[in-house]
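Novice: Here's the letter readout for the chains.
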Amino acid sequence: MADKTQGSAQGPGAGKAYWQVNLRIILISLVIWALCSFGFGILLRPMLSGIAVGGTDLGFWFAQQGSILVFLALIFFYAWRMNALDREYGVDEE
Amino acid sequence: MDQFTINLLFVGASFALYIGIAIWARAGSTSEFYAAGRGVHPVMNGMATAADWMSAASFISMAGLLAFGGYDTSAYLMGWTGGYVLLALLLAPYLRKFGKFTVSEFIGDRFYSKTARLVAVICLIIASVTYVIGQMTGVGVAFGRFLEVSNTTGLLIGAVVVFAYAVFGGMKGVTYTQVAQYVVLIFAYTIPAIFISLQLTGNPVPALGLFGDHAASGEPLLAKLDQIVHDLGFAEYTIQQGNTLNMLLFTLSLMIGTAGLPHVIMRFFTVPRVADARWSAGWALVFIALLYLTAPAVGAMARLNITDMMWPNGTDGDAVSVEEIETDPKYAWMETWRKTNMLGWEDKNGDGLIQYYNDASPEMQARAEAAGWKGNELTKFNRDILVLANPEIANLPSWVIGLVAAGGLAAALSTAAGLLLAISSAVSHDLMKGQFTPNISEKGELLSARIAMAVAIVVATWLGLNPPGFAAQTVALAFGLAAASIFPALMMGIFSTRINNVGAVAGMVTGLVVTLVYIFLHKGWFFVPGTNSFTDADPLLGPIKSTSFGAVGALINFVVAYAVSGMTKETPQEIKDLVESVRIPRGAGAAQDH
Numbered sequence: 001m002a003d004k005t006q007g008s009a010q011g012p013g014a015g016k017a018y019w020q021v022n023l024r025i026i027l028i029s030l031v032i033w034a035l036c037s038f039g040f041g042i043l044l045r046p047m048l049s050g051i052a053v054g055g056t057d058l059g060f061w062f063a064q065q066g067s068i069l070v071f072l073a074l075i076f077f078y079a080w081r082m083n084a085l086d087r088e089y090g091v092d093e094e
Numbered sequence: 001m002d003q004f005t006i007n008l009l010f011v012g013a014s015f016a017l018y019i020g021i022a023i024w025a026r027a028g029s030t031s032e033f034y035a036a037g038r039g040v041h042p043v044m045n046g047m048a049t050a051a052d053w054m055s056a057a058s059f060i061s062m063a064g065l066l067a068f069g070g071y072d073t074s075a076y077l078m079g080w081t082g083g084y085v086l087l088a089l090l091l092a093p094y095l096r097k098f099g100k101f102t103v104s105e106f107i108g109d110r111f112y113s114k115t116a117r118l119v120a121v122i123c124l125i126i127a128s129v130t131y132v133i134g135q136m137t138g139v140g141v142a143f144g145r146f147l148e149v150s151n152t153t154g155l156l157i158g159a160v161v162v163f164a165y166a167v168f169g170g171m172k173g174v175t176y177t178q179v180a181q182y183v184v185l186i187f188a189y190t191i192p193a194i195f196i197s198l199q200l201t202g203n204p205v206p207a208l209g210l211f212g213d214h215a216a217s218g219e220p221l222l223a224k225l226d227q228i229v230h231d232l233g234f235a236e237y238t239i240q241q242g243n244t245l246n247m248l249l250f251t252l253s254l255m256i257g258t259a260g261l262p263h264v265i266m267r268f269f270t271v272p273r274v275a276d277a278r279w280s281a282g283w284a285l286v287f288i289a290l291l292y293l294t295a296p297a298v299g300a301m302a303r304l305n306i307t308d309m310m311w312p313n314g315t316d317g318d319a320v321s322v323e324e325i326e327t328d329p330k331y332a333w334m335e336t337w338r339k340t341n342m343l344g345w346e347d348k349n350g351d352g353l354i355q356y357y358n359d360a361s362p363e364m365q366a367r368a369e370a371a372g373w374k375g376n377e378l379t380k381f382n383r384d385i386l387v388l389a390n391p392e393i394a395n396l397p398s399w400v401i402g403l404v405a406a407g408g409l410a411a412a413l414s415t416a417a418g419l420l421l422a423i424s425s426a427v428s429h430d431l432m433k434g435q436f437t438p439n440i441s442e443k444g445e446l447l448s449a450r451i452a453m454a455v456a457i458v459v460a461t462w463l464g465l466n467p468p469g470f471a472a473q474t475v476a477l478a479f480g481l482a483a484a485s486i487f488p489a490l491m492m493g494i495f496s497t498r499i500n501n502v503g504a505v506a507g508m509v510t511g512l513v514v515t516l517v518y519i520f521l522h523k524g525w526f527f528v529p530g531t532n533s534f535t536d537a538d539p540l541l542g543p544i545k546s547t548s549f550g551a552v553g554a555l556i557n558f559v560v561a562y563a564v565s566g567m568t569k570e571t572p573q574e575i576k577d578l579v580e581s582v583r584i585p586r587g588a589g590a591a592q593d594h
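Protein chains in written order, with the UniProt record's numbering: chain A, 1 to 94; chain B, 1 to 594.
Incorrect hints may appear among the rest.
To be verified - Listed next, the in silico DSBU-like pairs over lysine-lysine satisfying Cα-Cα at most 30 Å (straight line): (1) B/LYS348 <-> B/LYS380; (2) B/LYS443 <-> B/LYS380; (3) B/LYS100 <-> B/LYS380; (4) B/LYS339 <-> A/LYS16; (5) A/LYS16 <-> B/LYS224; (6) B/LYS100 <-> A/LYS16; (7) B/LYS100 <-> B/LYS569; (8) B/LYS339 <-> B/LYS374; (9) B/LYS114 <-> B/LYS224.
Source of the hints: derived by calculation from the structure; they are not laboratory data.
The task is simple: from the sequences and hints, build the whole structure.
Specialist: Okay, here's the thing in structure tokens:
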């Protein structure tokens, strides 16, 4: 399996700190994920019913299209952010 | 050239392509059979994942459910795409770093238990076989129509074809074949949608056309649709009819099921680096989104077209006549589909017209009374035929119809092949090599993989003859099972060092059993029709249908795993070190076999 990372260029403990930052990014991303699908698409739809979009309301748009676009943005953001974070903490693959 | 010949040409040419690729890229070693030697580029891998993922459920079945279910069926759209966020953030990079071949290997090593690995294998096999049943349903519909044979014969032909190329390919063959299948299926799905969107809205992008204006009336398309279905006594397309809690749980089940299905997760073992695993999930969703953003437009526009066809003089005028259906070439598709026994009509009141309306609506009953109607006369419209019939309904050129035939089969076959591969690797690699015969030769392992595929396809075909629902609904059950068993174990394995061997096993077993029992209570024991005690119209637990129960099963899995782990011995230090190493990309090598 893998070699130990504690002795990497960024010194001991880099792995733990890296993991904490990662958890925070995951948490924020998942809040947005849930808000756009379960929130705007389902639960909060009645609140958004005043905002008209093409013959219906914003909640319907989120349920059928908007959420998918947000999911895409989230995954690419996460990949970009984490690949940068790997290098910052010196835990990227050589 | 008649339509039958054109269909055969398109289907035949696409098959020749796939089989050619499969032979060209034949798997020689076990590592190639399972993981394509890890040499697959993220974009290619994303495309193959998309083909693997978008099955008969997405291609053939989903738009039909959307068309007749309206807003409520948005759960399919959000559920089957939102799962990729979970996959990308919570699983893919870590499983790639772990660097083994199968999902159950991870569970076995992380929970330092052969029992955990065995339980995971059983969960995978149950979920995958359920999934294949759904695929076979779709294959039966597609072959039945395009070879103009009965549904059952279509299913049997399909089974032979699926088996033939899954068995000879393996992952390497399947990966490149699936790239080709993706290309075929996405063209087949979007081209008719573009034509129809142009006809109805003048906008060439179906996703924009859906929220655009209906060209003939000048009103917004969705407002027009809401109004005409309302005129016939049906619920308006954009309003919510079902229960909110059920919709939330259903969406969540599909999402976490996505992140727990072996044939999707396996894809992330095949990329060269951890960074690529993250990108791969994104690329997969890009290719999936191309279809998923089009599907709601296909559904809504088809509903509008069908309603217009049944009421050519408007919803206040006279309905279509039996004579028109039988003689007007515009209605030829109805005759062809009637032969497959998936579409039916009957002039109940003998007035020579076919009235299509909701005969359960009190308002419509009053109108029917006044007009002398004796109930809805479009007596049968199987949701699974909608996408395949759509180009004929919209009167598109014959080559488009042939293309859709090829696309539908590509979707069903690519997923069935991927699932069979997951099942065969579970049996040969995890069961035979991992549990029973550790010294099995590489040849013996490949042989047992192929035998497992054969058994799986026979079982799925047999159950596919009497499926528990439309293709997409059967597939949704498979997702519930994966959600309740595999996803929680994988996630806890990475994000918690506290969960130990006993906890994980207890969690997976309760999650799986509770969900399976709940499904069997509603869909019949082992999906045998008539053995169910409840129906999804009136479920056991309040509003929670059997397709939505996966999320509840997952919750039970988490709770049981935590509780049991808290009461038993702590995880050993070397396992904690393993979890630490999985969390960090550095040091990810090529995959290891043991």
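Novice: Next, verify each hint and record whether it holds.
Specialist: Structure-based check of each hint:
1. B/LYS348 <-> B/LYS380: 13 Å, holds
2. B/LYS443 <-> B/LYS380: Outside the cut-off at roughly 50 Å; violated.
3. B/LYS100 <-> B/LYS380: Not OK: B/LYS100 and B/LYS380 at ~49 Å, beyond 30 Å, violated.
4. B/LYS339 <-> A/LYS16: It is violated: about 64 Å lies between the C-alpha atoms, which goes past 30 Å.
5. A/LYS16 <-> B/LYS224: 57 Å, violated
6. B/LYS100 <-> A/LYS16: OK: B/LYS100 and A/LYS16 at ~24 Å, within 30 Å.
7. B/LYS100 <-> B/LYS569: 27 Å, holds
8. B/LYS339 <-> B/LYS374: Given that 30 Å is the threshold and the Cα spacing comes to 25 Å, the pair holds.
9. B/LYS114 <-> B/LYS224: Cα-Cα ~59 Å, so violated.
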